[in-house]
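Protein sequences, first through last, are from chains A and B.
First residue of the first sequence? That's 1 in our numbering, and the numbers climb one at a time after it.
First residue of the second sequence? That's 290 in our numbering, and the numbers climb one at a time after it.
Simulated from the structure, these hints should not be mistaken for lab results.
If the Cβ cut is set under 10 Å, some of the chain B residues that face chain A in the computed set are: (1) Thr-497; (2) Tyr-500; (3) Gly-521; (4) Pro-554.
All C-beta atoms in this analysis are idealised placements derived from N, C-alpha and C, irrespective of residue type, glycine included.
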Amino acid sequence: MDPLALFALQLLNALSLSALFFFLAVGLTLIFGIMRVVNFAHGALFMFGAYVGVVAQTLSGSFIFSLVAAPLAAGLLGIAFERSALSRLYAREHSAFLLVTFGLALALTEAIRLIWGADARQAELPVFLAGIIFVMDEPFPVYRLFLIGAGVMCALACWAGLQRTRIGLLLRAASQNAGMTAALGNDVARIRALVFALACALAALGGALAAPLLSASLGLGSNVIIDAFVIVMIGGMGSFIGTAAGSLLLGFAQTFGNFYLPELSLGMTYAVMIAVLVLRPGGLFGRSE
Amino acid sequence: MRNLTMGRRTALGLLAAPALIRPAAAQSGPIRIGVPTAMTGTWAVLGAQVVRTCRLWARTVNAEGGLLGRPVEFLFEDTQGVPANCLRKAQEMVERDRVNILLGLMASSEALAVMPKLAEWNALFISSVNGAGSITAEHWVPNAFRANTSGPMGARALALWLRAAPQTEFFSLSLDYAWGRSSVETFEGLLRGIGKRSIGSVFAPVGTRDYSSFITRIRQANPQALYIALTGDDGTAFLRQAAQFRLFERMPVVTETVDMLFTRPAGDAAIGLVGGSRYTFTLNNPANAAFVQRFRSELNELPDTYDGEQWQACEVLATAVRKARRTDTEAVVAALRDLEMSSIKGPLKIRACDGQAEQAGLVVRVDRRDGMPHPVPEVIATYAPSEVTPACRAANFA
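So here's chain B without its partners, still in its complex pose:
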């Protein structure tokens, strides 16, 4: 009987042990950060930027002695940009690998799939690249934060720039799928808001190679400026052909977001393209200069939009962890609220009400720069955070 009691106690003790040990274990050893992102599929090229920047950041931090004296370790999983995959991989990371911090989710739809589960998992998520307005509006949850510039913030910066531009009549060319159509719709709404107008639009099927007919159509419409919502190979083909037709000599061309993935293959054909920007390596501040130098020396490349945004998100996390002096979800979430800091994009503040990082809005123009192998996005206008950040938990501007 006595033996049995002892046995039961021992057994209970053994059962309880992991629960007692776990919090202590979680505060020593490496800090594990889960990055379920698109490593293959449509978004693979963007996912590659997220992954390489996370690795570079971990090397940098670990070389300086780690975070809170602990090494940083990233766990990567491929989601192919599919929300169901992302949810499953994130859950595996939380349950199997005891990860409580998620970064680098690729598609907004993936972030929106994971966010409702954060409370149940007792995990937190910092968006580094997700653009959808609703992440910090109707779908916001307390454990989610956004370090990057959102889609509405980028569009707002462009609208402020266009308001001051002399052109009043615009024509739009976009790819014929959900993003392209919504981009044009947003742009046309934005034009109405600043007293300018759209005189027409045309949608090209995805995979269009020869844009000559579309260029003829644009010339026939004869707008004062052209708005394009094109990406990837389609965008490159259009820019090159439009330059061959001397279209840019007749009208300025603006786009939602300029990144080098899109403009670099177009070479000189992209010169003059104006658009919103979430990040450009040409940003002129010491923190960014150091980042660009480190990036170029380690990876022999120029950081692009998602590299910069991912780096900023990692810096946001590091600042919050240092402030909290712990890595458990509750402490880090508390530290993130109203966190004020400066990163490679300049000063930012994570507002407590919806987790959005208030930061400057950028408009860039693609131009030649000495010592660069291709034209690069140069900042032509910067707008204060208060001008480009929507009201709390709002996706749009009233």
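Isolated chain A, as found in the complex:
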């Protein structure tokens, strides 16, 4: 294989993986940045999205519909969970959130096992996404390009939403000083519920997008949550730009690590994290707290 073609393929591979990572991690960042909650259930929500996506596609026959149904279902679940459980805990210390979200992860996993069984389930790609294009005479799946595009769109939409809209302004305000934001007549409780629902929806959208590559299986949640935390640590807890940078860094480290040093690729993830944290203890774009 031509070295340039090899590089181009690996570049695209890394970008498509980074896109999936971004969907997974951006919600975790939002939740932490605005609510100061470390959401252990995020991997389970990603997995939930994959399952709902597969089921929605099976029932409707439309992959695109699955990309709507999964975030919708997870968003509703998120609101219900925030209102019923998390909202009672804001006055407490952080460990309460760890326990409750970890509990949600376990409950969600078991619920999925009870509803859909232990077997993995698969999503099928629609014809227009199932094809290939040739990158320097090497076939490359169109779907991976679609993932890259979706990741970029999501990043731009999140950035614009946070920086250019009134809701974004309120979110940033609540993140910097929730008490003052409330004192100015804003409903912080509603903002928190909205953020949690949005974050759950993004994770589930990531899961539905990942389903054609990885299939929906019970191990998915615990498998991806570690990557999500590593990305958030690398980027800086609560930093949106940091999450985008962390997703890219981890996507490239894993893709090129798997190619050149497959036996060490698991360690690669942690090596990148340690290197970043040694140089910048608060993460690339975070404040050290």
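Model the placement of chain B on the given structure of chain A, informed by the hints.
Only chain B this time, still in chain A's reference frame:
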């Protein structure tokens, strides 16, 4: 004084009574079969196949009046696939429940932990799924039998098929743990034995989700064929992604053992995968057709590898018990030696020298079939028992 003597006699009589009654009791009432298997943990999905097939078999036999006129009763215990658990649960079954027949042990390491105790327990064990070659070689014991196709037998069938295949240069992709590495090592040795060669291998960490880098690496190596040793979610993810990269259009892909647990979630992506098979529901014989029909009507599923293997082991036991007309260990062991019969996998013979069932070796290819919801393994080559069974008490082929 007289009273005392009488009392002593009575007491002795009472002590002796259970010993006198027990053999008689053991030959009436239900026939109890112990199945210490993995019902939770890593092997749970495979253990579920063993359990459901045992239950189905018991229902079937009992509906026909039982075995020797006695109902069959299975006792299940969860071992989580851990040898120490298995040994303990098996011992409890033997001592507490008076079980003398053990079936359905999951991991080979569990079977190897239990086998040395069989003589002391006066119990017998028929392997239904254990693959390790040593079970019928250096670790063989007289009360152990293997009804299923062993790992070396499966590998041998695949080697015979590959010998006739036009490809000569292979590349291997495997999971980076003990089984994956040993599978590749065995495969590379097997290639050398048939005058073909390996041009490289790569090991992916367990839990790898994105296989794109590995697929790129395989394409860069550009072999004539690919060997994979992947299971579970990892295997499914690879097959799907490789199909999206059109890898199978460039090279055939072979694997050690094809089972539907691995290929079904991959859907159409698994089409074309070739591998050894211990059992496939597509086997074309009347006994198997009846079994598949019964399985589908009762469980609403297609039997997979371990379902078929477990059923065959139950049939082996039943045939031996009918031949012995008793269920005590000595009689059943004697009946098992050189037992010849036919089961859902065709004719088989339990050879006396190491308890291995000589049976045909299968190679399958995953393909579409009308009326099936997903691609299924179809038999593409069958090898005679003499071609695929190693010499007595040998794990490998000379």
